[in-house]
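**Student:** Here is how the chains run, residue by residue.
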Amino acid sequence: MTFDLTILTHNAGAILGGFGVTLETWISGVLIGILAGLAIALLQLSCARAVSGALRAYIEVVRGTPFLIQLFFLYYGGPSVGLSLEPVTAGILGLGVYGSAYFAEVFRAGFRSIPPGQLEAGVCLGMTRWQMVHRIMLPQMLVIIVPSLCNTIIVLSKETAVLSVITVPELTGVLTGIGSLSFAFLEVLVALCLGYLTLVELTAWFGRWVERKVGHFMLR
Amino acid sequence: MNELPGTDSQPRETMIQMRNVVKRFGANEVIKGVDLEIHKSEVVCIIGPSGSGKSTLLRCMAFLAEYDAGEVFVGGELLGYTHDRNGQRVRASEPEINQVRRNVGMVFQQFNLWPHMTALGNVREALRRVRRMDKQGANAQAMKTLEKVGMAHKAQSYPVQLSGGEQQRVAIARALAMEPHIMLFDEPTSSLDPELVGEVLQVMKQLARDGMTMVVVTHEMGFAAHVADTVVFIDDGRILAQGSPEAIFQGEQHPRLQQFLQNYLERNAFWAR
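Going line by line, the protein sequences match chains A and B. The first sequence begins at 3 in this note's numbering and counts up one residue at a time. The second sequence begins at 5 in this note's numbering and counts up one residue at a time.
Calculated from the structure, these hints are not laboratory results. Positions of the beta carbon are idealized from the N, C-alpha and C atoms, including for glycine. Certain hints may be false.
[To be verified] With the Cβ distance kept under 10 Å, some of the chain B side facing chain A (calculated, not the full set):
# : residue
1 : His-120
2 : Ala-179
3 : Ala-181
[Stated by the list, open to error] Label pairs and their computed distance ranges (CB to CB):
#  : chain 1 : residue 1 : chain 2 : residue 2 : range
4  : B       : Gly-91    : A       : Ser-82    : 51 to 61 Å
5  : A       : Lys-215   : B       : Arg-23    : 52 to 62 Å
6  : A       : Pro-68    : B       : Gly-141   : 55 to 65 Å
7  : A       : Pro-81    : B       : Asp-138   : 56 to 66 Å
8  : A       : His-136   : B       : Asp-138   : 16 to 26 Å
9  : A       : Arg-58    : B       : Arg-89    : 30 to 40 Å
10 : A       : Ala-56    : B       : Ala-144   : 41 to 51 Å
11 : A       : Ser-82    : B       : Arg-135   : 49 to 59 Å
12 : A       : Lys-215   : B       : Gln-160   : 17 to 27 Å
13 : B       : Ala-156   : A       : Arg-114   : 29 to 39 Å
14 : A       : Trp-207   : B       : Gly-202   : 45 to 55 Å
15 : B       : Lys-148   : A       : Ser-115   : 31 to 41 Å
16 : A       : Arg-58    : B       : Gln-165   : 37 to 47 Å
For reference, chain A alone in the conformation it holds in the complex (with noise of 0.2 Å):
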């Protein structure tokens, strides 16, 4: 068995610019994710008991069905309803989508994790409900969910190989295709599994960084 490293040398700048597709896509798609899933995890902690449970539905409809089935539903069976998507712009909204739920999840938990305690002394002082979340909850919990944060965009990270199904020219869809015509598959495999770990052990290692730099009040 041979391991022909030229078959990826030759094809660097192809294999670059899936990288950077990679790149666009799960960055765009966790920003998305994340202000989607803020707003509802907000909407739902001071929203009437309908739009509440309105928006646990989409949470559970989201979460319970796989990404590749939302995918085709967004870039294939958009058009019908009149929603006609680049593949890039499918594949970043459709990871949006898919993170939205998650994030939402994550910043429930952490509003929850506050004392409230902490709440009625804000309410016995006077404090409004929105200054009490940007000036109380906020700030703590985003602390604390530092790490299930780092999870949801590392999985999210990997989930864009999926895009590939949709024709978007991210790493996995670069370099299977590559494969395909070279028949080198061992080289281009393990070439993607590289990308990954290394956007993920990145991602990781950020995570720590951000945990320790903000972690002060609760470390000590």
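Take the given structure of chain A and dock chain B to it, following the hints.
**Tutor:** Showing chain B alone in chain A's frame:
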């Protein structure tokens, strides 16, 4: 300490008036029609067995517990409710509730400091956000209040770096900084190590000497006996006895009160020997 209410030549201003207050948790009636009046500069200690409703009663005075029937007036204003056009009682809006509640400061058993803020940050927060003071003014007032509770030297410490007694003193400063007319204490020393109780009681005694109106739910019978103007004994959601510390601790006692105080006597029997 203060003269007994009622012995003044002129009647003292009423700070809190409760009329037939009822509070239920589901089907469970916790406060069963309580009337209580608290006067300016009066120190009222509420004692009673656990589960008797004394904390809930105190929480009704800040509308942390939303009472179901009766009335609570704070500074002459109805707390928590208002009346609609048909004269029906409806829950007041948050700004309306806060308007009445601003007269009241609350201190909790668990301190409830915000762990991500320093002692100074904790005291300053409401001055900045609620009072809308500028940073300098808020800092100055916060430091002044921290001095009052002897915590100015730990202004930059986070709660986790402070002992329980220090945390509670910061919590007292946090409430005091808003200049309330009435301070409510919900078992302020119950979660402290015995050796830390003294420093908190000391601060509370000073407050009482300064003429603060105080309502204190407590198990510290010594504090009640020495500092209170009025002691209220509550059992099963009702006030069973109310009077001067002398009357409550030494006078003719309701059987339930006698039984309750007996526990304390037995616990402290070592000292009595």
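**Student:** State for each hint whether it applies.
**Tutor:** Verification of the hints:
{"no.": "1", "hint": "His-120", "verdict": "holds (5 Å)"}
{"no.": "2", "hint": "Ala-179", "verdict": "holds (7 Å)"}
{"no.": "3", "hint": "Ala-181", "verdict": "holds (9 Å)"}
{"no.": "4", "hint": "B:Gly-91 with A:Ser-82: 51 to 61 Å", "verdict": "holds (57 Å)"}
{"no.": "5", "hint": "A:Lys-215 with B:Arg-23: 52 to 62 Å", "verdict": "holds (54 Å)"}
{"no.": "6", "hint": "A:Pro-68 with B:Gly-141: 55 to 65 Å", "verdict": "holds (58 Å)"}
{"no.": "7", "hint": "A:Pro-81 with B:Asp-138: 56 to 66 Å", "verdict": "holds (57 Å)"}
{"no.": "8", "hint": "A:His-136 with B:Asp-138: 16 to 26 Å", "verdict": "holds (20 Å)"}
{"no.": "9", "hint": "A:Arg-58 with B:Arg-89: 30 to 40 Å", "verdict": "holds (37 Å)"}
{"no.": "10", "hint": "A:Ala-56 with B:Ala-144: 41 to 51 Å", "verdict": "holds (48 Å)"}
{"no.": "11", "hint": "A:Ser-82 with B:Arg-135: 49 to 59 Å", "verdict": "holds (57 Å)"}
{"no.": "12", "hint": "A:Lys-215 with B:Gln-160: 17 to 27 Å", "verdict": "holds (19 Å)"}
{"no.": "13", "hint": "B:Ala-156 with A:Arg-114: 29 to 39 Å", "verdict": "holds (35 Å)"}
{"no.": "14", "hint": "A:Trp-207 with B:Gly-202: 45 to 55 Å", "verdict": "holds (49 Å)"}
{"no.": "15", "hint": "B:Lys-148 with A:Ser-115: 31 to 41 Å", "verdict": "holds (34 Å)"}
{"no.": "16", "hint": "A:Arg-58 with B:Gln-165: 37 to 47 Å", "verdict": "holds (40 Å)"}
Of the hints listed earlier, there is not a single one the structure fails to meet.
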